[in-house]
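Whenever a hint applies, use it, and build me the whole structure from the sequences.
There are 2 protein chains.
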Amino acid sequence: MSLSRIHNFSISLDGFATGEPQSLEAPFGHAGHRLHDWMFATRFWGAGGSEGLDNAFAERHSHSIGAEIMGANKFGPPGWQDDPDWTGWWGPNPPFHTPTFVLTHRPRSSMEMEGGTTFHFLDATPAEALATAREAAGGQDVRIGGGPTVVRDFLAAGLVDHMHLVQVPILLGRGVRVWDGLDSLEQTYDIESVSSPSGVTHLTFTRKLGS
Amino acid sequence: MSLSRIHNFSISLDGFATGEPQSLEAPFGHAGHRLHDWMFATRFWGAGGSEGLDNAFAERHSHSIGAEIMGANKFGPPGWQDDPDWTGWWGPNPPFHTPTFVLTHRPRSSMEMEGGTTFHFLDATPAEALATAREAAGGQDVRIGGGPTVVRDFLAAGLVDHMHLVQVPILLGRGVRVWDGLDSLEQTYDIESVSSPSGVTHLTFTRKLGS
Ligand SMILES: NC(=O)c1ccc[n+]([C@@H]2O[C@H](COP(=O)([O-])OP(=O)(O)OC[C@H]3O[C@@H](n4cnc5c(N)ncnc54)[C@H](OP(=O)(O)O)[C@@H]3O)[C@@H](O)[C@H]2O)c1
Ligand SMILES: NC(=O)c1ccc[n+]([C@@H]2O[C@H](COP(=O)([O-])OP(=O)(O)OC[C@H]3O[C@@H](n4cnc5c(N)ncnc54)[C@H](OP(=O)(O)O)[C@@H]3O)[C@@H](O)[C@H]2O)c1
Numbered sequence: 001m002s003l004s005r006i007h008n009f010s011i012s013l014d015g016f017a018t019g020e021p022q023s024l025e026a027p028f029g030h031a032g033h034r035l036h037d038w039m040f041a042t043r044f045w046g047a048g049g050s051e052g053l054d055n056a057f058a059e060r061h062s063h064s065i066g067a068e069i070m071g072a073n074k075f076g077p078p079g080w081q082d083d084p085d086w087t088g089w090w091g092p093n094p095p096f097h098t099p100t101f102v103l104t105h106r107p108r109s110s111m112e113m114e115g116g117t118t119f120h121f122l123d124a125t126p127a128e129a130l131a132t133a134r135e136a137a138g139g140q141d142v143r144i145g146g147g148p149t150v151v152r153d154f155l156a157a158g159l160v161d162h163m164h165l166v167q168v169p170i171l172l173g174r175g176v177r178v179w180d181g182l183d184s185l186e187q188t189y190d191i192e193s194v195s196s197p198s199g200v201t202h203l204t205f206t207r208k209l210g211s
Numbered sequence: 001m002s003l004s005r006i007h008n009f010s011i012s013l014d015g016f017a018t019g020e021p022q023s024l025e026a027p028f029g030h031a032g033h034r035l036h037d038w039m040f041a042t043r044f045w046g047a048g049g050s051e052g053l054d055n056a057f058a059e060r061h062s063h064s065i066g067a068e069i070m071g072a073n074k075f076g077p078p079g080w081q082d083d084p085d086w087t088g089w090w091g092p093n094p095p096f097h098t099p100t101f102v103l104t105h106r107p108r109s110s111m112e113m114e115g116g117t118t119f120h121f122l123d124a125t126p127a128e129a130l131a132t133a134r135e136a137a138g139g140q141d142v143r144i145g146g147g148p149t150v151v152r153d154f155l156a157a158g159l160v161d162h163m164h165l166v167q168v169p170i171l172l173g174r175g176v177r178v179w180d181g182l183d184s185l186e187q188t189y190d191i192e193s194v195s196s197p198s199g200v201t202h203l204t205f206t207r208k209l210g211s
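Those protein sequences? They're chains A and L, same order as listed. Counted the way the numbering used here counts, the first sequence spans residues 1 to 211. Counted the way the numbering used here counts, the second sequence spans residues 1 to 211.
There is no bait here: all hints are sound.
For each label pair, taking beta carbons as the anchor points, the in silico distance ranges come out as:
hint, chain 1, residue 1, chain 2, residue 2, range
1, L, His-97, A, Arg-43, 51 to 59 angstroms
2, L, His-97, A, Glu-59, 50 to 58 angstroms
3, A, Ala-156, L, Asp-83, 36 to 44 angstroms
4, A, Arg-207, L, Glu-112, 50 to 58 angstroms
5, L, Gly-52, A, Asp-85, 55 to 63 angstroms
6, L, Ser-211, A, Ala-156, 36 to 44 angstroms
7, L, Gly-52, A, Ser-110, 53 to 61 angstroms
Hint data in this document are derived by calculation from the structure and do not stem from the laboratory. From a predicted model like this one, the values you see are computed outputs, not experimental measurements. All C-beta atoms, glycine included, are put in the ideal place defined by N, C-alpha and C.
The following block contains the structure:
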């Protein structure tokens with residue numbers, strides 16, 4: 001069965017997955033790179049990185065993934081829809097290596113990149129987007145890549161089978177929070193927490209049987 | 001030196017330290033007792049309880065404490081100020097066993113209870129309240145007992161030396177959040193996270209030297 005999975009999704013102690021304002025110069029606003037320093041230090045990210053707990057979680061990101069869904073604000077800074085040459089933050093060879101569906105109210109034509117990534121632009125409900133991505137994933141799983149608005153919408157619609165969050169010990173105070181409107185999630189998911197020697201805490205949400 | 005400390009302060013994953021509405025029947029609103037189940041299972045709470053990680057943290061609650069400061073909404077349900085017979089939730093022998101200062105805009109006369117607890121009622125700034133409690137603590141530490149409004153106010157005023165939070169894997173969605181307005185707290189505190197086999201995560205904030 002093809003699952004819907006979230007990986008390496010990093011939040012502050014106060015639940016923000018990005019700071020503000022988002023811009024070309026500062027994709028995560030005042031959060032800078034602090035939400036992802038834990039990941040940059042792993043072998044998953046680069047040679048010489050750590051191979052412990054953080055890396056074990058980080059590496060799951062790409063296993064058995066056949067497609068990704070992301071939000072418009074992960075794909076580019078505010079206003080990217082007005083720039084016909086914008087092809088995402090990631091250069092010619094983006095790290096997705098699968099069909100990648102960008103949810104936006106202003107869709108454009110698909111773009112084939114190097115390394116197996118093709119960006120498709122969809123104006124669709126979360127359920128429709130997941131069905132489309134599943135079809136493209138050829139029997140593999142679909143990653144819900146964020147940002148927080150998209151994560152929240154897919155959780156609220158009951159469309160997430162597994163979620164891995166990484167809680168970073170910083171307080172952002174403002175930005176986009178992942179939690180709003182998700183009370184009682186623990187009734188649908190088994191939640192496990194494990195703190196890492198690096199200082200972050202990994203939270204895994206696994207959908208309960210029958211939920 | 002007399003420190004200001006917070007212990008066993010329990011929050012949901014989304015940062016709420018109480019649900020809503022608070023009432024005589026449901027002091028924590030829709031949260032019920034879920035924020036404190038981890039503590040009820042420890043030896044600190046009662047015979048036969050666990051003696052592991054959760055208990056080690058829980059027991060620190062009373063060590064070297066000479067006074068407590070709490071908010072009006074921890075002392076009683078909305079409207080308790082209109083009831084001259086209200087003496088708190090805890091019966092004749094409250095679990096504080098020290099002078100205990102209740103911050104309220106409608107102070108009343110002090111009440112001496114059994115077991116060493118005397119309730120004093122203060123309309124004062126956090127700094128003034130801490131000075132008064134310190135004086136009463138006879139050289140020992142002062143516990144900031146909550147609720148979240150009081151914890152937030154004392155943190156914002158820079159009046160907390162040590163804080164122990166317990167993050168419980170539930171999502172409340174509404175209530176009183178402890179985090180609002182506290183960005184960059186990690187610049188003032190060393191933050192350590194340790195997950196417990198019980199499922200909760202203990203977060204300790206220790207003020208950095210010189211902060
Ligand atoms: N912390 C992490 O691990 C992590 C992971 C990924 C991303 N991020 C960060 O999160 C931020 C972006 O998050 P965000 O919450 O602001 O936005 P987002 O979730 O990336 O995108 C939300 C936007 O996508 C479009 N959209 C969403 N659902 C749609 C639907 N069903 N149909 C059509 N369009 C839809 C809408 O944009 P339009 O109406 O403008 O088209 C919406 O405003 C960025 O800073 C990014 O770097 C963080
Ligand atoms: N999760 C935990 O571990 C934990 C721990 C303790 C309590 N709690 C729960 O938290 C809830 C109460 O929290 P809360 O945030 O609603 O309220 P709270 O922090 O207990 O009390 C806030 C109230 O105290 C009074 N007050 C605060 N500062 C004052 C000052 N400087 N001068 C005068 N009065 C002042 C004001 O009441 P008035 O203006 O009405 O006088 C204010 O509304 C309860 O449900 C309690 O059971 C949870």
